[in-house]
Amino acid sequence: MLNPKFIPLAVTCILFFVLFGIGSVQFEGFGSSRVFFNLLSDNAFLIIAAVGMTFVILSGGIDLSVGAVIALTGVVCSVLISKYNMHPLVVFPIVLVGGTAFGAIMGAIIHYYKMQPFIVTLAGMFFARGLASVISEESIPIEHEFYNQVAEFGFMLPGDAWVGTSTLIAVAVLIAAIIVAHYTRFGGRVYAVGGDMNSAALMGIPLAHTTIRIYAISAFLATLSGIVYSFYTFSGYSLAAVGESWMQLLQ
Amino acid sequence: MNFTKNQNLRRYLWPCAGLLVLMIINAIIAPEFFNIEFKDGRFYGSLIDVLNRAAPVALLAIGMSLVIATAGVDLSVGSIMAIAGAVSAYYITKGVDNLALIIGAGLIAGLIAGIVNGFLVGYMSIQPIVATLILMVGGRGIAQLINEGQIVTFDHSGFAFLGTGHFLGLPFPVVLVIITFALVQLLTRRTALGLYIEAVGANPSASHYMGLNAKAIKLSVYTVAGLCAALAGMIAAADIRGSDANNAGLWLELDAILAVVIGGASLMGGRFSIFLAIIGALIIQTLTVTIILSGIEPKFNLLIKASAIILVLLMQSPRFQQQLSQLNFFKKNNKEINRA
Amino acid sequence: MNTNPVLQLKRIHKKFPSVHALKGVDFTLRAGEIHALLGENGAGKSTLIKVMTGVYQRDGGDILLDGQPIFPTNTGDAQALGISTVYQEVNLLPNLTVAQNIYLGREPRRFGLINWGKVNRDAAELLKGYDLDIDVTQPLSSYSIAVQQLIAIARGVDMSAKVLILDEPTASLDADEVQSLFRIMRDLRSKGIGIVFVTHFLDQVYAVCDRITILRSAELVGEFEAATLSRPELIGHMLGKELAALGEHKPQSSHSSSEPLVELKALGHNTNLSPMDLTVGKGEVVGLAGLLGSGRTELCRLLFAIDKRNSGQLLLDGKPVNFSAPREAIIAGMGLCPEDRKHDGILGQLSIRENMILARQIKQGWWKFISRKEQEEIANRYVKELNIATSDIEKPIEQLSGGNQQKVILARWLAADPRLLILDEPTRGIDIGAHAEIIRLIRKLCADGLSLVVASSELEELVAFSNKVVVLRDRKKVAELQGDDINPQRIMQAIASN
Numbered sequence: 164m165l166n167p168k169f170i171p172l173a174v175t176c177i178l179f180f181v182l183f184g185i186g187s188v189q190f191e192g193f194g195s196s197r198v199f200f201n202l203l204s205d206n207a208f209l210i211i212a213a214v215g216m217t218f219v220i221l222s223g224g225i226d227l228s229v230g231a232v233i234a235l236t237g238v239v240c241s242v243l244i245s246k247y248n249m250h251p252l253v254v255f256p257i258v259l260v261g262g263t264a265f266g267a268i269m270g271a272i273i274h275y276y277k278m279q280p281f282i283v284t285l286a287g288m289f290f291a292r293g294l295a296s297v298i299s300e301e302s303i304p305i306e307h308e309f310y311n312q313v314a315e316f317g318f319m320l321p322g323d324a325w326v327g328t329s330t331l332i333a334v335a336v337l338i339a340a341i342i343v344a345h346y347t348r349f350g351g352r353v354y355a356v357g358g359d360m361n362s363a364a365l366m367g368i369p370l371a372h373t374t375i376r377i378y379a380i381s382a383f384l385a386t387l388s389g390i391v392y393s394f395y396t397f398s399g400y401s402l403a404a405v406g407e408s409w410m411q412l413l414q
Numbered sequence: 015m016n017f018t019k020n021q022n023l024r025r026y027l028w029p030c031a032g033l034l035v036l037m038i039i040n041a042i043i044a045p046e047f048f049n050i051e052f053k054d055g056r057f058y059g060s061l062i063d064v065l066n067r068a069a070p071v072a073l074l075a076i077g078m079s080l081v082i083a084t085a086g087v088d089l090s091v092g093s094i095m096a097i098a099g100a101v102s103a104y105y106i107t108k109g110v111d112n113l114a115l116i117i118g119a120g121l122i123a124g125l126i127a128g129i130v131n132g133f134l135v136g137y138m139s140i141q142p143i144v145a146t147l148i149l150m151v152g153g154r155g156i157a158q159l160i161n162e163g164q165i166v167t168f169d170h171s172g173f174a175f176l177g178t179g180h181f182l183g184l185p186f187p188v189v190l191v192i193i194t195f196a197l198v199q200l201l202t203r204r205t206a207l208g209l210y211i212e213a214v215g216a217n218p219s220a221s222h223y224m225g226l227n228a229k230a231i232k233l234s235v236y237t238v239a240g241l242c243a244a245l246a247g248m249i250a251a252a253d254i255r256g257s258d259a260n261n262a263g264l265w266l267e268l269d270a271i272l273a274v275v276i277g278g279a280s281l282m283g284g285r286f287s288i289f290l291a292i293i294g295a296l297i298i299q300t301l302t303v304t305i306i307l308s309g310i311e312p313k314f315n316l317l318i319k320a321s322a323i324i325l326v327l328l329m330q331s332p333r334f335q336q337q338l339s340q341l342n343f344f345k346k347n348n349k350e351i352n353r354a
Numbered sequence: 021m022n023t024n025p026v027l028q029l030k031r032i033h034k035k036f037p038s039v040h041a042l043k044g045v046d047f048t049l050r051a052g053e054i055h056a057l058l059g060e061n062g063a064g065k066s067t068l069i070k071v072m073t074g075v076y077q078r079d080g081g082d083i084l085l086d087g088q089p090i091f092p093t094n095t096g097d098a099q100a101l102g103i104s105t106v107y108q109e110v111n112l113l114p115n116l117t118v119a120q121n122i123y124l125g126r127e128p129r130r131f132g133l134i135n136w137g138k139v140n141r142d143a144a145e146l147l148k149g150y151d152l153d154i155d156v157t158q159p160l161s162s163y164s165i166a167v168q169q170l171i172a173i174a175r176g177v178d179m180s181a182k183v184l185i186l187d188e189p190t191a192s193l194d195a196d197e198v199q200s201l202f203r204i205m206r207d208l209r210s211k212g213i214g215i216v217f218v219t220h221f222l223d224q225v226y227a228v229c230d231r232i233t234i235l236r237s238a239e240l241v242g243e244f245e246a247a248t249l250s251r252p253e254l255i256g257h258m259l260g261k262e263l264a265a266l267g268e269h270k271p272q273s274s275h276s277s278s279e280p281l282v283e284l285k286a287l288g289h290n291t292n293l294s295p296m297d298l299t300v301g302k303g304e305v306v307g308l309a310g311l312l313g314s315g316r317t318e319l320c321r322l323l324f325a326i327d328k329r330n331s332g333q334l335l336l337d338g339k340p341v342n343f344s345a346p347r348e349a350i351i352a353g354m355g356l357c358p359e360d361r362k363h364d365g366i367l368g369q370l371s372i373r374e375n376m377i378l379a380r381q382i383k384q385g386w387w388k389f390i391s392r393k394e395q396e397e398i399a400n401r402y403v404k405e406l407n408i409a410t411s412d413i414e415k416p417i418e419q420l421s422g423g424n425q426q427k428v429i430l431a432r433w434l435a436a437d438p439r440l441l442i443l444d445e446p447t448r449g450i451d452i453g454a455h456a457e458i459i460r461l462i463r464k465l466c467a468d469g470l471s472l473v474v475a476s477s478e479l480e481e482l483v484a485f486s487n488k489v490v491v492l493r494d495r496k497k498v499a500e501l502q503g504d505d506i507n508p509q510r511i512m513q514a515i516a517s518n
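Chains as they are written, first to last, in my numbering: chain A, 164 to 414; chain B, 15 to 354; chain C, 21 to 518.
Just to be clear, a hint being listed does not mean it is correct.
Stated by the list, open to error - Taking lysine-lysine pairs in the PhoX-like style, the calculated list, with each CA pair at most 20 Å apart, reads:
no., chain 1, residue 1, chain 2, residue 2
1, C, K285, C, K43
2, C, K415, B, K19
3, C, K415, C, K404
4, C, K415, C, K362
5, C, K464, C, K404
6, C, K302, C, K464
7, C, K302, C, K35
8, B, K229, C, K383
9, C, K393, B, K19
10, C, K70, C, K43
11, C, K285, C, K302
12, C, K328, B, K229
If you are wondering where the hints come from, they were derived from the structure by calculation, not from laboratory data. This structure is a prediction, so every number in the text was calculated from the model and none was measured.
Pulled out of the complex, with its shape left as it was, chain A reads as follows:
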């Protein structure tokens, strides 16, 4: 749609392909679809969380609580599944609703009390990590038939590449995000708020709605990311994803 807007994205893509290319040349077997898709599935949770973070950053804010929410999600899921024997498909909706509410509350505080997103999400981060520590300090393994099914779900692509659940979810989230950002009115509002909040308000954008929704989405995706991360680690650990939020910021 717009050339200047895509430059950072283009740079990142080019960088990725250059690195991949160099790797392929240097290391035998690197330049295969298997390695590519492994990369994708190992980092699926990161991609999902980064998408959520992108919405926030587009709106001119920041969400430091993402890493903590990932950890909290993992811990809650593992406790509910392993200690209380609840089925994952029952646990996941609960956790997603909770996470979204958490984000919405942060968004509301940011808007109604006119506080800086940095500080509010920082407090949110402490809070989420604190809650995770309280619930459980050690890593809790998840042993459930469903998780095994999830790990086996998927299909092979030519080149010995495995496309599993995590990858599929990540790709789905990515596509959905692109659609929402560029093809819905909400997406337009996000960009508007990020461009100039005052002008956006004068143009009739409902600031409260939009802000709350943005942080709710970020928390929702962070929660989803936490679920996907638990698929990867088969556990929940309160110290997981420390420092991830900073990494995503850079992305």
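Since chain A is already given, all that's left is putting chains B and C on it; use the hints.
Frame of chain A; chains B and C shown alone:
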């Protein structure tokens, strides 16, 4: 006593009262809390421990106070601690024996880091969060490079004194905090620098109209923050007789910001008080001790800290204060109601 | 042109904590007319607009749209009702495309997703009606302000077609662009839209407006037909020609001492100010007269090195000087009390004492700290001398009234021992009593040997203390008055004359 003097007193009253209340709670739970022994020329006791453990955050808070007063923030102080520790360790392991040189090298590392931050914020007008984030993320990498990826340990009795020595009965880190506090107080209150910093934070436009050089002022506050962080980093390294680039000062920048905010400073800039920031650091440390003493398991630490931050922040928000005074939380934001 | 009112404001009152901004103001806009809203700063113009558009809620009075009472509570409401506003700073989103800006919040959708093809096509169609054939997929920021304004107008009109409010739309436009804008306005008028045109360019008012409403001091002065209101009459209404005495206002004698302190030779800045000459003698008071936007503030800023000059020279004591920053002007003995006290003058959180000594401290240098004791002495001295109503110099300055704040700012510069003081609208937003005090002060300072440059839209006051009055219009110096010529009528003539 007139009204404004009352206001000013109250500014100091709340944090100090808060600290006192926490200490009393500690003493109630553990009556030995206020005991101080004097043995072999040193003071011992829980209070001394609190002071000692709070020293690094207190040092960071001194620098952070100035930065926040200009409506900025410095996220990189934890990483600068790591860099300074790494630099000192490097020189010690390379055989340098002169204490002054070792400490000097660490301080210079902090100075350079601070200047970089100050330049990015002051002269390139980059937002403080973004500018200091760069060093925050990259600084540990730099520290790793200096230590060649290892956790370096060393043995230098002179340097170790920084972390474990005593002077006039007090642990040396505490002495360092006192000295730094005195120096920075002198710098900001015996010269016009403190007033300039507050002016730039209070109204950047009016400050410009009056001829203040906001760029230079911002450069200097980030530089001071860098120096304070370097000092804190060297204390940390001396304490463990090693340099751990990954963990030195981890998350301490957030504690420092919290300390300054608890001390009553506004993140939007303006008035600052280094004394109150140090009280803030003490409150954080005392709160940790309270949690330990009360038998609440340490895993609740973070949660309680988070709730404390949220509470303090809400209290600072004008809208919340208004709602509190009317005990009404659901009135519409726009108080003006149409009259036909 | 029909005479049906499309928008009527009756007896509108608006109060803020410190000021009564609108006192029973009426305003009537007809369908298919261009109606100018005029008034100096502080007259209530922008408050009235904000009441019309729902940014502020009125405290009293009625708003009727097509005869029906309306209660807009935000700009979205106003827009939905049919009232669009285009602001001076455009207030669109520079990072989005032209088409996105036009349709933000109401993009046409297909199956729930935005149909960009239609958005872009519709946008292009819409803009053709404004003689704009541009690529609507480019970001807004890639187009000039003139084009951006037209896009803003197109959006506003497309969203609702009853009332269009243009708030200082021509401030950043050149002559050709202004003509383009007028063509569009006349076109919209013929379609039955009522246009409120807020501006301070009188030539433009006469070029395109049908009727004129003038506000002064939060009150309605009157509603006039443009065809029958003469220019001098108009200026008289705006500036308050009633010469009811505010006290003794005998004109000053021409300044006798001829030693020039400051000389401007062909000093100018390409877009802000045409090159002009000006001489300020030692102990002389030079008044700057002219309407809002005439260049008075720009001149003050150039003198004080807030803005850089593009041409000409500034001479101090006969020697050319080149200030690269306000600090150098301060050290050379100059001081400036800016027009916008709140934004550029006071350090709200800081105390009266600190606000007062700051300029002097800056002049001395940061390491030569003025001791607390000396600070208190200085502050107390000026509180007494200038009659500042406060018992406590530690109070944050933002708690003082406007008049007292202004006195503190004056004291700030006086404490720095200036040789030349530049005052930009020193009596704006100050109650009548304080006006008189400040005028007395200015005269006393002049008698003490201080040189002053005072920009003011209060003609009676300029007359009361100026040795010389320089008249500006449209960023040019048009007259220099001395002696008997210094009277309000002569000044107004100079401002008005073509």
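field: Violating hint indices (sorted, rising)
entry: 1, 7
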